[in-house]
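*Asks:* Below, each chain spelled out in residue letters.
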Amino acid sequence: MSAGWTAKTTAMFSSPARRRWLDLFGPFIGLVAVIAVFVMLSESPGQFLSPANLRIVFAQTVIVAIGAIGMTVIIISAGIDLSVGAIIALSSVITALALQHGWSAISAILAGVFVGGIVGLVNGLAITQLGVVPFIATLGTLGIARGLAKYFANQQTVNPPATWINELAVSFPEKPWMLVAPGVWIAAALAVITGIVLKRTVFGRHVFAIGSNETAAKACGIRVDRLKVWIYSLGGLFFGLAGVMQMSRLRQGDPTVAVGVELDVIAAVVIGGGSLNGGEGSVLGAMIGALIMAFLRNGCVQMGWANYVQEIMIGAIIVLAVALDRYRSKALA
Amino acid sequence: MPLLELQGVKKNFGATAALAGVDLEIAPGEVHALIGENGAGKSTLLNILSGAFPPDSGELRLDGQIYFPRGPADARVQGIVHIHQELSLCPHLSVAENISLGLEPNHFGMIDRDAVLRRAHDLLEDFGCTHINVDAMAGSLSMPDQQVVEICRALASRSRIILMDEPTSSLTRHSVEQLFRLIGRLREQGIAIIYISHFLEEVREVTDRFTVLRDGKSVATGKLTDVTDDQLIAHMVGREGEGADLFGERRSSNVPKELVLQVRGLTSPPKVRSASFDLYRGEILGVGGLVGSGRTELIRALFGLAPSSGEVSLRAEILKRRSTPANRIRSGVGYLSEDRKHEGLYLQLPVADNLTATGMQGISHAGWIDLPKQNAVSEQIISMLNIRSARPAAPVARLSGGNQQKVAFGRLLYQGPDILLLDEPTRGIDIRSKADIYREVRRLADAGRAILMVSSYLPELLGICDRVAVMARGVLSPARNVSEWTPQSIMQTAISESPSMEAR
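Chains as they are written, first to last, in my numbering: chain C, 1 to 333; chain U, 1 to 504.
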């Protein structure tokens, strides 16, 4: 390959690359703005940005963040998954039950993650083999997984013996050198890996392809059905892991926990630039989206504002973020 | 041995025969033109070859072996690629990613980005299109550039036969020349091309042999140098007249000649470049031309469904109001869409709701629908149009295609507009339904309504219209009396390169 060619392609890279930066810039500005507003409103700004408070915010984000990684992949493929909260509850119950039955911590975690993957697989099969649209298929598994969680837990919370799993999502890790909870590091690592997979692997580009134009993807020989089964199964695995984190935070398996978490997860992806029409979205954006909501909640608590204020603000921010995004993409086009 | 050989290929969709016996033979390195009117079966044939659906009967052989693709992916593997009329790129992926889609060079799933970029760059350079940024989003490119990308994608998969369905329809003259040069190079490499185009000059410039399809049959084949344009057109249109009585009698209208719609220099980018005409009370003005020539867009612009510029005056009053369909309906304009399934009807809703959808004022009091009245109105239209097996409460989806079309048309009877814009009013329906609709259209004209009717069906244009104008590449010809037209002259005008073409 000649040097001239390389120089030319590098030059050609610049404008689309710049545009991709702009895409992330929006959510990032939003995050900075949310933090800035609370720092200004707060009587003791130092407290809002104190390491202790940041640890709390990060630890609170873990569950939504891990869920949002899986949801990003699903939404880019022009799908949706409403069963997130139910999978989290089921996985937290299964993990706790496994510990109760004397399984090692690591096997209990794998059991929780695996159960999530199974529900995801069922979603994928219902969508591709039964031809049920994702919204309905996952609405169905939402009920099924929630019901199974209650059945396995005998309609009460499951209290497992203490293990190191309880340390995964604590706000203040035992070992100070970790800075934040191990779960935060796990979420960050998974986000980076998934981001790379989406950008650099055949699987990742095919996810974008079917979300962007499914007919074209089929015509290019992509096995769309098989790919979708993988996508929903992968999503399920992430939701299962989020369930393990849920178990860790509560230190018990609770079949009634995480009702409606799917909406937070979807909101994180959408605030981060994901489009429900498919073809658009990024893991990094979704992580910023999750943080925006976490800082907002935390800030409201710090200010002593009532719960309903948070709800109104988060609702407004979702609509604003998406409206801004549409406006921006129109301006760029 | 021919590279591709077809014998007696047939395909039915429901009761209609899309292909009724096609023979075709193509040698390696041959560029073969597939010619025929809209609806002659060209696209169906390409879809069968590219594995979109199987034929009902007939034999396909590739390299002498039976060829039976299980799907588009399988056809692609066997070396046959279809470049669609509507572009099929993934708008959110980059140019390079689109070109390699489905065939990504990779190491254990990790895409070899350099190889993807290099392949895209090399192919684009071959095409002389280095101005296309391989890293740009495909959706951000102009239409011609998107088509170039799609052709490059076909080349990336090492195709042996490339099916091109009107590949130049969205290309500039400059890109067309590049495409032809590229086709020349493909031919040298032994790649065969099946080329669909309506433009005979273009066909002569680039292809060697031709096959004419008419009504789903291959009716003529041979070398292009052996036939004249007139002979080709005769093969394309040469059907025996369908009973003239189908269209009813064209009476010398006793309606006083009154201008109701005057259009001057209407444009509606990108499809409509220039249209001017007058429409009088009591007449049916036909608009002929090819699918995609801008006829549908002209009607949509007139009805306020697409932005346009130019001067439109309705009953000698220049229309200044922002044009929306609601305004047009209020000024007495009615519209029948060519696409009854998506734009014309609410398929799940009852016949009565569909018939009265343009305005419920006539059948309601203070917002409450007067159901007995709606029923009575609907029954009346149902019997006027002979809509069979339809009760007002039955969902439209249960009716046959012809009866669905009558419901869509019946809505205009309820609305009672002064000016009717009809887009392919009889497309894809049976002959008896056609006759019912022709009779009603004629009756409306005789009652003093003005009718503008787009049609691809030549006997219909010549049989029912009083005057006809022809659209070619976005430019509408002057309207002439129907007696001055023949099927040949309509076809000739439709496929002519309009003079402003060079200016593009």
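These are computed hints drawn from the structure, not numbers from a lab. Glycine included, C-beta positions come from ideal geometry on N, C-alpha and C. A portion of the hints provided could be inaccurate.
Negatives, chain U to chain C, calculated, CB over 12 Å [to be verified]:
| no. | residue |
| --- | --- |
| 1 | ASP74 |
| 2 | ARG76 |
| 3 | HIS84 |
| 4 | HIS92 |
| 5 | GLY102 |
| 6 | LEU103 |
| 7 | GLY184 |
| 8 | SER323 |
| 9 | ALA447 |
Covered by chain U, per the in silico footprint, the following chain C stretches (three or more residues, Cβ under 8 Å) [what the hints assert, rightly or not]:
| no. | region |
| --- | --- |
| 10 | 213–227 |
| 11 | 257–266 |
*Asks:* So which hints don't hold here, by number, going up?
*Replies:* 1, 2, 3, 4, 5, 6, 11
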